[in-house]
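Asker: Go by the hints and put chain B onto chain A.
This is what each chain is made of:
There are 2 protein chains.
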Amino acid sequence: MEKLSETQIPIHDLIRRRWSPRAFSEQPVEPDKLRSVLEAARWAPSSRNEQPWAYLVATKDNAEGYQALAGVLMDSNRAWAGNSPVLILTIAHTRLEKDGQPNRHALHDLGQATANLIFQATSLGLATHQMGGFHADAARERFGIPEGWEPVSVIALGYPGNAELLPESLRERESAQRRRKPLGEFVFSGTWGHPASILDSTETK
Amino acid sequence: MEKLSETQIPIHDLIRRRWSPRAFSEQPVEPDKLRSVLEAARWAPSSRNEQPWAYLVATKDNAEGYQALAGVLMDSNRAWAGNSPVLILTIAHTRLEKDGQPNRHALHDLGQATANLIFQATSLGLATHQMGGFHADAARERFGIPEGWEPVSVIALGYPGNAELLPESLRERESAQRRRKPLGEFVFSGTWGHPASILDSTETK
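These protein sequence lines are chains A and B, in that order.
In terms of the numbering used here, the first sequence opens at residue 1 and continues consecutively.
In terms of the numbering used here, the second sequence opens at residue 1001 and continues consecutively.
Isolated chain A, as found in the complex (with noise of 0.2 Å):
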């Protein structure tokens, strides 16, 4: 199934083709994969160079691993998600390695590393469903996430599956249409609410 982006104005394909899918196949993901898609994540820029990121990862075929954190899922998600060959938690580092002082930048860069990591998956034919709807406490309880990191949010990861096979409530929400904010409400130039005038030749309704 694909859901291109409705786009304004053309964009790569890689982009225009990423959407958070629920329908995941059994297919496990190939290690080579998994492993290319976190050296992809290594390569993202950070503040200072930090590299405030981690990345806890767990492959259906550790059934121990997988369901400890398919356990920290809320229910809604978990429902789906739990089908996916791969579960990826993401942690901040929120203070500097130099001085533990705060990093302001740290969940902004780990959303960085994180994009890199979704956009090799979909050069690599593989889905992605960011959560962030899943319990940050217990989390850390779980899985010894020291002070100073933060659980973001977890990753589904693997094969596009048939989404005939979700239940009716999903599959609905599976073919819904995307939505976005038009350009002109969030790009400005000058002043805070003034539409950029390089959007001028652009459709912004």
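Quick caveat, the hints were computed from the structure, so don't treat them as lab data.
Do not rely on the hints blindly, as some may be mistaken.
The calculated lysine-lysine pairs, modelled on DSS-like cross-linking and capped at a C-alpha distance of 25 Å, are [what the hints assert, rightly or not]:
(1) B:1181 x A:98
(2) B:1181 x B:1003
(3) A:3 x A:181
(4) A:181 x B:1098
Answerer: Using the frame of chain A, we list chain B on its own:
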């Protein structure tokens, strides 16, 4: 000038080619390309589809707007970034649209949108350099950024320039080796600090 990532594992060429130079050409960026990088940001995923991001764009052909944005950079960054034809201030919406409660994924999701922007720029042959070093309070005041929104970074964007024209101290940094932690330091499985077994066939030193 190219500065390819020395990857442990093959990754997509556009991720491999991205780096953060300080040398930019004076050549202006075509409005079509600028719109394209912003459209790419638009299609990033976000928690609850909040799309908690905004971009304030300044191009050198508008001297007043450009100087205003260059003016909030720290001196050490303005020294080189003030030559890039485009500067973009990135801003996170740290409160939920629905009820004004804190959105703990705001900076993470802004990071993902900006990663899309950077990726699209790289695909168009543009260079980018993100900076955390700017005066956020001055930016808030100068551009009228409201409460609930947080200035996070400034991106310099343009065509690659000639590193030989940089001051000597920056020239050295321009050619310095790119460094990243090995995968084994931040990819775990089972529990915190336990290197993931999928890394076993990887050189992790």
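Asker: Regarding the pair residue 3 (chain A) and residue 181 (chain A), is the alpha-carbon distance no greater than 25 Å?
Answerer: With a Cα-Cα distance of about 17 Å, the restraint between residue 3 (chain A) and residue 181 (chain A) holds, given a limit of 25 Å.
Asker: Below or equal to 25 Å on CA atoms is what counts here, so check residue 181 (chain A) against residue 1098 (chain B).
Answerer: Roughly 15 Å separates the two Cα atoms, so the pair holds.
Asker: Has the given pair, residue 1181 (chain B) with residue 98 (chain A), been kept, meaning a C-alpha gap of at most 25 Å?
Answerer: holds (15 Å)
Asker: Just to be careful, I want the Cα atoms of residue 1181 (chain B) and residue 1003 (chain B) compared with a cutoff of 25 Å; is the pair within it?
Answerer: Holds, at roughly 17 Å.
When held up to the earlier numbered hints, the structure conflicts with none and fits them all.
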